[in-house]
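Novice: With chain A fixed as given, assemble chain B onto it according to the hints.
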Amino acid sequence: MDYNLLWFVVVGVLFSGYAVLDGFDLGVGTLILGIQDDTERRLFYNAIGPVWDGNEVWLVTGGGALFAAFPAVYGTVFSGFYLAFILLLFALIFRAVAIEFRSKEPWAWWRRWWDRGFFAGSTSAAMLIGVAMGNIVWGVPLDAKGEFAGTFLGLLHPYALLMGVTTVALFMMHGSIYLHLKTEGTLQARVRSWINPLIITFIICYSLTTLATLLYVPRMTLVLREQPALFAVVVLLVLAIANLPREIHRGRDWAAFLSSCVAMLLLMALFGLGMFPNMVYALPEPAHSLTIYNASSSVTTLKIMTLIAAIGVPIVLTYTVTVYYIFHGKVKLGKDSY
Amino acid sequence: MNVETLSRIQFAFTVAFHYIFPPLTIGLGLLLVMMEGMWMATRDPLYHNMARFWTKMFGLIFGLGVATGIVLEFEFGTNWATYSRFVGDIFGSALAAEGIFAFFLESGFLAILLFGWDKVGPRLHFFATCMVALGAHFSAVWIIVANSWQQTPAGSHLEIAGKAVAPGHVFEAADLWHSRMVIDDFWGVVFNPSSMDRLGHTLVAAWLAGAFLVVSVAAYYLLRRRHVGFATASLKFGLVLAMVGSLLSLVTGHDSAAGVAANQPSKLAAMEGLWQTTAQAPLHPFGWVDSANQRTLGPAVPAALSLLVSGSAAHRVTGLDDIAPELRPPLQATFQFFHLMVVIGFSLIGLSLWGSWLWWRGKFADPGAPATAWFLRLAVPSVLLPQLANQAGWFTAEIGRQPWIVWGYLRTSEGLSAVVKANQVLASLVGFGLIYLLLFALFLFLLNRKIQHGPEPLEESDALPANWIKQSRA
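Protein sequences, first through last, are from chains A and B. Residue numbering for the first sequence is 1 to 338, as defined by the working numbering. Residue numbering for the second sequence is 1 to 474, as defined by the working numbering.
In isolation and in its complexed conformation, chain A is listed as follows (with noise of 0.2 Å):
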């Protein structure tokens, strides 16, 4: 394995851990209008509570590990994708200072905004992370230089739609999950009646995107078909979702969430499969993609962060669990509370 191949995975997984993180606390924003007493609401903002900032910034050291390892794929998608990804940030920042703010001030109507900022601020940036990942399967106008050749209009045709769609609705299950793990009594008999519908949704969502995936971009499943042996893959993606009733029929709470999450870093490891080694494929000029190899920093930069990445990453996974540990179990609201 050589270090463009290796920063391809630590990326991949760096952004999986943010899909399978934050992903649950956006999905809880999508949730939240869907309760109307306010002890619920803050209930649910306390489940995220003492875990969303740390959620996002897998975000943040996912973007840095990109603009250090591919700084050409950085540089051209931030840049090509400019106004999306200033909406995402607007999206973010919203939801941020909601979560942060809301419960600082007892009145109804307050209340009301924050948590409408919060519902539109996670709703939205799940729909654009879908967008972005739906344009990056789908391909992007690149021109010799690796520049970004389209419109913003552009990025809205109807696969990345789609995909902006089916990330909303696996966010919305994952957090339903989550919550049902954290809630008890009423609220979580509540959540519970939501996951089944949301279950279907997202695979029906799946079901229309695997779909156009296979008639329009069939490059993404070249992989499968060269290696049959990955098709596991996708067997087992399968068994995940399917598992999630299962669970949650039984009871096992903790079982369902770890499943949910299973589901998505295989979703990520197709999405990773599929594009490999490219990581902007060009339109209409495939020659001009952007490869792990030719939009890579040099070998003596991808070695350096290799150690570093040694060294932080297994402290990282350390602080992470026990905090998790830590704040495990069903959510309380106490005098520190949001």
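Source of the hints: derived by calculation from the structure; they are not laboratory data. Only a predicted model underlies this, so the values are computations on that prediction, with no experimental measurement involved. Note that the Cβ used here is the ideal one computed from N, Cα and C, for glycine as well. Be aware that a few hints might be false.
Stated by the list, open to error - Stretch-level coverage of chain B by chain A, calculated; a stretch enters the list once three of its residues show a Cβ under 8 Å from a Cβ in chain A:
hint: 1; segment: 66-73
hint: 2; segment: 95-102
hint: 3; segment: 419-430
Specialist: Just chain B now, with coordinates in the frame of chain A:
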């Protein structure tokens, strides 16, 4: 306005707004360690009460820092794509290291700091507080390393289409897209000529931001005779850090300026408005740069600049006459921001000394005594001074770096995103303007509410988490 101007305004605006918050969390983080450490040592519930109150303030400030910080990480790519490709080899690794070593540390332990009072014991909580403060300091380390490398590149070389090129090369526009800096020596990048001086100066300036926030709020309470015991103790903690920080900022500021003289002569000439290269170079304590007549108006202390940057009056300091006009930074702005920072720096030393003297003479016992009341009245708005100085310092550093974005290699005008249009940047700039205005108003509103609400009443049974009481009484 063209896309370059708009992108520069947007970056300056978003980074300046963001930079209100991190210095506060760095300084306040250190104070939280001191307060909670005092509680660990003495078990006096007063200190615990202080730690709780200031932790709440910390949480609010930190939230704004996170929300506005993520913008910057994206903005290198969105608005400065050519720059990003050019420096990714070096700048990107520093940003990634910041994420791995600093942000995860901060955000992970912040959860325990803010929400863990009832979940963990006092030792682990104190440890979490220390880690949050450490994480805040680490985040400064990596971003300062990255920025200092832009100021004084080292440990790297330029390549065009994979071939090494000497510095000072003037780019053909056609070459830009396949030119980049390549790392040779990681430690050479980290310990580039300016990074350690600038890191020290930035950190102590950040301590001042936190220290004077505490001083200001405490002084406000004392003037109103509210929470007197709490406020007096907070004031003392703030003053200790203010005293240490303001004196150290003088030392580190001096080192930084000497470094600028050695490494970035055009920036120093602009900071001081020095037109002629000369020994016995004069220093203007304040003044006005008269570019039309190539002179600087205002009083001048003979030879002081030579003395300060080298220790010898005979030292020749490079003036603007030795810098080609197109390589000079904007002169008036660099000069005025620099002088504003220096003036504030000295006033902060004065305020710290005054406060310490009052403390030493036991004057805080009677906040109504005229000398004490005057100090307190000045201390209330003093929270703005380090904020202004921090901003002015960064404006000096970044405006003084112009026209370069990477000193001696890449110009700011060359670093833009090729595909982003002026109307797009205008739209995002307006968006940031509106959102940040709203955020700032809400931040001030909530901060004021917290200050007005004040600390919880000091009753041990109420102030300490239930699971800590047995341990603290034992």
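Novice: Of the numbered hints stated previously, which ones are contradicted by the structure, given in increasing order?
Specialist: No numbers; nothing is violated.
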